[in-house]
Amino acid sequence: MKKDVIEASHAIAEAVKLVKPGVVAAYPITPQTHIVERISEFVANGELKSEYIRVESEFSAISACLGASATGVRTYTSTSAQGLALMFEILYIVAGMRLPVCMTVANRAMSAPINIWNDHQDSIGVRDCGWIQFYAETAQEAFDLTIMQYKISEDKRVLTPSMVCIDGFTLSHLYEPVAMPGEEEIDAFLPEYTPYHAILDPEEPLTLGPIGFPSHYMELKKTQVDAIDNSINVIKEVFHEFSKKFKVEIPGNRPENYDVIESYKLDDAEIAFVALGSICGTIKEFVDDLRKSDEKVGLLKVICYRPFPMEDILNSLKNVEKIIVLEKTVSPGAEPPLYTELRSLFYEALEKPEIRGFIVGLGGKDVNFEKIKKIYDMVKKGKGKKVEWVF
Amino acid sequence: MAILGLPEEEFFSYGHRACAGCGAAIAIRLITKAAGKNSIIVEPTGCMEVTSTPYPETSWKVPWIHGAFENSAAIASGISEALKYLGKADKINIVVIAGDGASYDIGFGHLSGAFERGHNFTYICYDNEAYMNTGIQRSGSTPYAASTTTSPAGKMSIGKAEWKKDITHILAAHGSRYVATASIAYPNDAFRKIKKAIETKGPTFVNLFATCPTGWRVPSEKSIEVARLAVETGVFPLYEIENGKHKLNRPRDPDKLKPIEEYLKIQGRFKHLFKPKKRTDVIEEMQKRVKENIEMLLRYEKYGL
Amino acid sequence: MINFESLKLKVNEKEVTIGAILKSDGSTAKLKTGSWRVRRPVFNFEKCVGCGTCWVFCPEGCIKKREDGKFEPDYDYCKGCGICSEECPVKAIEMVMEER
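Chains as they are written, first to last, in my numbering: chain S, 997 to 1387; chain F, 4 to 308; chain W, 3 to 102.
No lab work stands behind these hints: they were computed from the structure. Even for Gly, the Cβ is constructed at its ideal location relative to N, Cα and C. Certain hints may be false.
[As the list claims (entries may be wrong)] So the derived label-pair ranges between C-beta atoms look like this:
1. S:Y1171 x W:K16: 26 to 34 Å
2. F:N191 x W:K16: 56 to 64 Å
3. F:R220 x S:M1306: 55 to 63 Å
4. F:E165 x S:Y1171: 34 to 42 Å
5. S:E1200 x W:Y77: 32 to 40 Å
6. F:E165 x W:V92: 58 to 66 Å
7. W:F6 x F:G307: 35 to 43 Å
8. W:D78 x F:G247: 45 to 53 Å
[Claimed, not checked] For lysine-lysine, the following PhoX-like pairs were computed, each having C-alpha atoms within a straight-line distance of at most 25 Å:
9. S:K1218 x S:K1280
10. W:K67 x F:K198
11. W:K32 x F:K64
So that you can see chain S by itself, here it is in the shape it has in the complex (with noise of 0.2 Å):
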């Protein structure tokens, strides 16, 4: 176990080396660029002996990597807003595959107009993919998540292709202590892949990939999804056995039990904030100044977005009156992605709480300690319309 302080696109350049993927492809787009290169120079100096390729564009980053995992390796990619556009088509073809690559997406802003800050209209944006997506809030749970984001996808029962998602910038790019257990440990906790469903051998001929007719597509897809939706136990298994097996080094950045949600204060909250990734970090600051006073606010953190974890946010709500979804996305044309699927959870709900939703930070602005303060005020005092925009 090793304790430093790092930038968090380096902590997860470390996962990745424990990880060990036989084949890294890599392609620059600010601000993930500082992973493949530190990913770089532990191939550079053999302290990682993965294949790296160091492909023309994203979209080639994301087919390599799926020849590799058809192959019977784990790979690893990682990109942001325009790269992961560019790999759209690939995604879902990875995933209908069932391939289980992994990778990083440090989320972007997307253009036009062209932006390289934080918001979270990329990974959203492809949120029916069909790959199962991670927010990480803190440089540790980047790091934990990129271990574990592997023994998930590659599980038999899985066999689903997964991204975590950090904060371009805000969290990409941000030094914070991290706790790096040592290879042997994670060894243990993560051993070498055996491809189950998928391998191009002479011994053993395969056909991958062939056309779907109206006869069979459905029932194929019907399948796919079935294992993203149950995908959700052995995430809580995998997260569980993690928790166990690594505790908490360095206090307060991460929690003690992974879970597919943090709650944090809810148990008598009567005003819940919900919201996905580093902007936690900041609403939990919020929430422990708010409880001085006695208000009795809180959080909910979505850690894991995709599947989305219905049961687990209806129950850690159930007794909140007012909730505030802070998303850093929008759907044009229509309410908000977060806040769409928190209201339809509540739907058939005996109480219904009221379900407010902010869009804030696009374009990497900056959401801090006031404007959550405003935002709360906003909805305390019952003012402005059902969605807002707070730049």
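Go by the hints and put chains F and W onto chain S.
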């Protein structure tokens, strides 16, 4: 067991849904015989992919993967590095079998990237000179004056107004140790070249001319005859570039080429060059370019280029 | 290494496989494409010299070498394209209209 110098074993089964007389199907039989059992085939979306893997059936008897339309070279890159990681580098043949649409156009950038990185694989383009699977649309490989559904001949149009992209020379410029053109009408030559490409280290390329009787509007029994005429008239010369040096296989005499008219007039996609009025101007220009191309290839060969 | 049986699932009374994986076993042979034919090739075994030209040019790969070294098509799969007839150097193959 060998017939005509080619292995008898088939790795591509009948029952596939290709058209009667499909030149690409003949191409696949040749390619898989050259690649053999110890191969991984990567195929992009196209005629051969769609007709050979109608789930839950497959025509293939070797490992085979289809990802998307434009990324077969990128997928092959991933496979080659994965095999390296598994200690199987250079022990299994990685062969991409892609149509011209996937190679000349949408996959061109990725093909270039894979060649630049130098992965050990062979890329074979079965060239039927248009997007056939989607119904005969023009691609970068479609020849000048050919009529396709997106470049139809008409009062204001000669058909395709651009000349065929020279993909073979472009890939040779990437430093590939072996690139070649081949034709289904010359199976032994094609087999030799594909085998050579597979055995040569690094990225290698063969452009394999394959008739599409449906798309070229040719009677199905003439598939081989048309491909043969393409070579004899010099429209599609057979040559190799090995370690940067040209070798022209055939035809070698620019003055003794069969007239291009013989090739054009039996194909429906060129019929507008003959009816309602014979376009002698266009045919002459095409003939001139064909002759100049042969002369250029001979010059490259003569000067060791 | 791959246990293919464990990849089978049943959905809507239909058997499918995880990720649509298939064994590369040439199973398209289940479809007898011979029913597509409009014309059929008739082989004259007196004329046939066993050169193999028809074999190499058949898009279906359904022409087989016999014990006696001559070649014969598999009518279950022959689509009647006529290439064999066109290319045969001794004109031993004739295309005739298929009887229905």
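The hints, checked one at a time:
1. S:Y1171 x W:K16: 26 to 34 Å: 54 Å, violated
2. F:N191 x W:K16: 56 to 64 Å: Violated - the Cβ-Cβ distance for N191 of chain F and K16 of chain W, about 45 Å, lies outside 56 to 64 Å.
3. F:R220 x S:M1306: 55 to 63 Å: 57 Å, holds
4. F:E165 x S:Y1171: 34 to 42 Å: 55 Å, violated
5. S:E1200 x W:Y77: 32 to 40 Å: 33 Å, holds
6. F:E165 x W:V92: 58 to 66 Å: 43 Å, violated
7. W:F6 x F:G307: 35 to 43 Å: 54 Å, violated
8. W:D78 x F:G247: 45 to 53 Å: 49 Å, holds
9. S:K1218 x S:K1280: Violated, at roughly 39 Å.
10. W:K67 x F:K198: Since the Cα atoms of K67 of chain W and K198 of chain F sit roughly 24 Å apart, the hinted pair holds (cutoff 25 Å).
11. W:K32 x F:K64: 14 Å, holds
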